[in-house]
Every structure is written in structure tokens, then in C-alpha cells.
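Enquirer: Sequence:
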Amino acid sequence: PFYYGTRASGACVGADIGTTISDTVQVQVGCSGVTLTDILTRMSRGSIIQNLTNPVQYSMQVTWTPTSSQWGTNLACYTPVDSIGQQGTTVCITYLVGISAPQMIQSSYVNGTMSAIGTLYQNQNVWRVQCTKSVNRPSIDAYIRFYKKSNNTQVYSINARTDMANVLYDNFTLIFYTSMTWTPVICSS
Numbered sequence: 001p002f003y004y005g006t007r008a009s010g011a012c013v014g015a016d017i018g019t020t021i022s023d024t025v026q027v028q029v030g031c032s033g034v035t036l037t038d039i040l041t042r043m044s045r046g047s048i049i050q051n052l053t054n055p056v057q058y059s060m061q062v063t064w065t066p067t068s069s070q071w072g073t074n075l076a077c078y079t080p081v082d083s084i085g086q087q088g089t090t091v092c093i094t095y096l097v098g099i100s101a102p103q104m105i106q107s108s109y110v111n112g113t114m115s116a117i118g119t120l121y122q123n124q125n126v127w128r129v130q131c132t133k134s135v136n137r138p139s140i141d142a143y144i145r146f147y148k149k150s151n152n153t154q155v156y157s158i159n160a161r162t163d164m165a166n167v168l169y170d171n172f173t174l175i176f177y178t179s180m181t182w183t184p185v186i187c188s189s
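Quick note: the sequence shown uses the numbering used here, first residue 1, plus one each step.
Honestly, the hints are just simulated from the structure, not real lab data.
Virtual Cβ for every residue (Gly too), placed ideally from N, Cα, C.
The reader is advised that the hints may include incorrect statements.
Stated by the list, open to error - Just the calculated beta-carbon pair ranges, DEER-fashion:
(1) Q87 - N51: 18 to 26 Å
(2) G85 - N152: 32 to 40 Å
(3) S68 - Y121: 33 to 41 Å
(4) G72 - N151: 21 to 29 Å
(5) F172 - G98: 19 to 27 Å
(6) Q28 - T67: 46 to 54 Å
(7) Q28 - S157: 31 to 39 Å
(8) L168 - N123: 37 to 45 Å
(9) V126 - T20: 34 to 42 Å
(10) Y156 - S68: 35 to 43 Å
(11) Q87 - S32: 37 to 45 Å
(12) V126 - S68: 39 to 47 Å
(13) T20 - M180: 21 to 29 Å
(14) Y4 - Y156: 16 to 24 Å
Go ahead and model the full structure; you've got the sequences and the hints to work with.
Expert: Printed below as a string of C-alpha cells:
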């Protein structure tokens, strides 16, 4: 079985003291006839639920409310186990308790995703994202990704940690440069 949850493996997330974190752990087993029997974790957990339309996929809600004694770095790890005793790779998410993450200032921001507003040109190559707090270069790999909306296929990505020339941090603004010619889409009503 393998994890494909809402947060990427190795993600680093700011968490406020006293504010409940709720995530969905998603796991897929290798083949039909095999079921998921457990997701090993130290997080407070809900029931494992099988996807009705795709029976090899499962999900489980987890919650955690960090206290002041948990200030600093905390790991939430998940290990899926299937009905034939196979154990999947353990996946961990890092929560930085007492550090709230900056939010993107944008009207259509949803769960870590942003859609551009306004007119975009085929040769658009300078992007600015304003945030509510100062932003800094991440200490682990983190990517800015562009997806084709029609089929959710990734078409471009930039490593925000290692690409010093194309990803700049200027106090409350993230500035990055792309080298892609974008495909125009004709919208119909």
C-alpha cells in the first residue's frame, strides 16, 4: 500500500497552539482483493473508509490540537498495512507548532493552490505572490507547480529551495520567473 494524502510526504506545515489540525490520510492498495487493514500513526484518528467508486483507495481523518508544551518541531507519521501483511513506506509530515504559515493574498486561494487572476499572456514569465507575513526560502525541497486544468497534468515546476536565479524572496512577496510558453485556452459560455 502507498500513501497519496492531502499533504505531500515531507511537507512542513505551521501549526498554531490550541488550533485543531485536521487532515485526510489517503492510501491505495496494490490490487483488488487486497484491503487496507490499518494506518499506523500516533495521531488521533477516525475510521478507515473505503472509496465506494474505487475500492483500492482508502481514507482516514486524523486530528491533532497542539499544546504549548509541544512548541517546536513535531512529526506526524503514517504507515499503511494491507490484508496480506504488507507494510507501505512510512510517510511523515512536519508540524512547526507555534509558527503560523503566511497566507497568500488572493481571492481564489484554496488549500495551498492558487489560480492566476486577470489577463495572462502566452509569454508570461514574471509572477508575484503577496503574503500576509514575511516569506523565506525553504530549508527542504518545495516546488511551485503549474498544472493543466483540463486533465490535472503538471506542465512546469520550479524548486523554490534550490533555484536561486528564478525564485526570489522579498519580505512579504515571493517572486519567480518561468521559461514556458503557455497554451491559450478559449473559453465558451
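Enquirer: Enumerate the violated hints, using their earlier numbering and listing them in ascending order.
Expert: Hint check: 3, 4, 6, 7, 8, 11 and 13 fail, others pass.
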